[in-house]
Each structure stands twice: as C-alpha cells, then as structure tokens.
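A.B. asks: Dock chain B against chain A, hints included.
Protein chains in written order, with my numbering: chain A, 1 to 113; chain B, 1 to 112.
To be clear, the hints were calculated from the coordinates, so they are not data collected in a lab.
Misleading hints may appear alongside valid ones.
Stated by the list, open to error - Straight-line C-alpha distance at most 20 Å; calculated PhoX-like pairs for lysine-lysine:
{"no.": "1", "chain 1": "B", "residue 1": "LYS56", "chain 2": "B", "residue 2": "LYS67"}
{"no.": "2", "chain 1": "B", "residue 1": "LYS42", "chain 2": "A", "residue 2": "LYS71"}
{"no.": "3", "chain 1": "B", "residue 1": "LYS42", "chain 2": "B", "residue 2": "LYS109"}
{"no.": "4", "chain 1": "A", "residue 1": "LYS9", "chain 2": "B", "residue 2": "LYS99"}
{"no.": "5", "chain 1": "A", "residue 1": "LYS57", "chain 2": "A", "residue 2": "LYS71"}
{"no.": "6", "chain 1": "A", "residue 1": "LYS57", "chain 2": "B", "residue 2": "LYS67"}
This is what each chain is made of:
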Amino acid sequence: NAGVTQTPKFQVLKTGQSMTLQCAQDMNHNSMYWYRQDPGMGLRLIYYSASEGTTDKGEVPNGYNVSRLNKREFSLRLESAAPSQTSVYFCASSEGLAGVREFFGPGTRLTVL
Amino acid sequence: QKEVEQNSGPLSVPEGAIASLNCTYSDRGSQSFFWYRQYSGKSPELIMFIYSNGDKEDGRFTAQLNKASQYVSLLIRDSQPSDSATYLCAVNPTGGGNKLTFGTGTQLKVEL
Chain A
1 NAGVTQTPKF
11 QVLKTGQSMT
21 LQCAQDMNHN
31 SMYWYRQDPG
41 MGLRLIYYSA
51 SEGTTDKGEV
61 PNGYNVSRLN
71 KREFSLRLES
81 AAPSQTSVYF
91 CASSEGLAGV
101 REFFGPGTRL
111 TVL
Chain B
1 QKEVEQNSGP
11 LSVPEGAIAS
21 LNCTYSDRGS
31 QSFFWYRQYS
41 GKSPELIMFI
51 YSNGDKEDGR
61 FTAQLNKASQ
71 YVSLLIRDSQ
81 PSDSATYLCA
91 VNPTGGGNKL
101 TFGTGTQLKV
111 EL
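Isolated chain A, as found in the complex (with noise of 0.2 Å):
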C-alpha cells in the first residue's frame, strides 16, 4: 500500500517548456486535489475533483490544467511554464469530504528558469 505517489521528484524547465505531473492513489479514494505550496504562502489549492470524471477550479488555476484518468490518476500539466510557477506540488486524496483522513504525496519541487 503505497498511498499517494506523485512523479517526478524534482524538474527543472525553462520558460515556455510544457510538462505533466503524475499522481495516484491506491487507496480507493473518491477526491483528489492539487497543492501549490510557496514560502510565506502556504498551500494554495489548484484544481480539485471530488470523484472521478469530475475536476473543479481551486484558488490559483490559471496556467494549469487537469485531468482525472480514473479513480486513482489525478495529473496537472502545465502548457506554458513560467518563473511565477516555481514552487513545490502536492497532490492530495480524502475518501470523501476534504481532510478527513487526508493524504499528501512526497511533493514535486519545480524549477522554471
């Protein structure tokens, strides 16, 4: 039971370069979300999907997009990169309503230069 994993571990981009981060979840859970976390910032909600086939706008989603594969994918892709989104991602899952029994990923450190 490995619970939530996201890939890569690190990435370093440059403006313009395109990429998707991975995560899954092997919990049987129904929401999935997407943190941004920056310094003095704390974490900040992308995207969420309260249950699969579903995915909803957060607090920061501009410059970034979703898709729910299935119960346990969840990925963000970023088409454009930009400096403003260096920052560390975490994916998150919940059985049902948000933190109950909420699980992060190891994180993605993001580098755009």
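C.D. replies: This is chain B only, laid out in the frame that chain A set:
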C-alpha cells in the same frame, strides 16, 4: 483579511513544556477544522481534526475549538525535539464542499 490566520513564529519552547499553537478563521459558518504537521522538506501529515466546540484529545495532542470566537488551537504536551516542525491549520469553509483553506503555518522549535 486572510481566511485562516496563524502566527508564523518561530515559537520556541523548552523540551517537556506545553506548546500552544493558535489559528483564527474568518468564515463563521465553517464546520471542520484540521491540524497538519509538516517537517522541513516533507509533505503535510494530518494529526488532528475537530468539528465540535470544546476539546479533543489524542495522546499528547489536544485540539480546542471555539466557534463563537472563531479560533482553533493545538496544544502539545510534553514537547519533544521531534515535534519541531511547521503546523498548518486548515478549515473547510461554508459551502466549501471538498476544499480546504490553509493557514501559512506556525514554525515550532522545541529546544533541549
């Protein structure tokens, strides 16, 4: 006004003391409240959640909720150096559905 506010710290306490971490929130209708611990370079880990006014105890941790005053606190008894971390307060606001709003966290340092 931020929706969830925490003092960034650092809060320094001696080993064995009680650490008191506080959080205030702006949405009076919020129903669910959570405390996460985050070690440097690691992901957040849920340590407590509370829904009702009053205290909820789990081992050395006690969460306290006062909805009338709109604050939630976390007490850590017999603080240990291993408790040194950043503690994040999170709130599920009114109509928030499956979304949480996080505070920026309080850094706790437990000194020998």
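A.B. asks: The structure should be examined with respect to each hint, and the outcome stated for every one.
C.D. replies: Okay, the hints, checked on the actual structure:
1. B:LYS56 / B:LYS67: holds (14 Å)
2. B:LYS42 / A:LYS71: violated (25 Å)
3. B:LYS42 / B:LYS109: holds (16 Å)
4. A:LYS9 / B:LYS99: Violated, because 25 Å separates the two Cα atoms, which is more than 20 Å.
5. A:LYS57 / A:LYS71: Measuring from Cα to Cα gives roughly 18 Å; hence the hint holds.
6. A:LYS57 / B:LYS67: violated (28 Å)
Checked against the numbered hints listed earlier, the structure breaks hints 2, 4 and 6; every other hint is satisfied.
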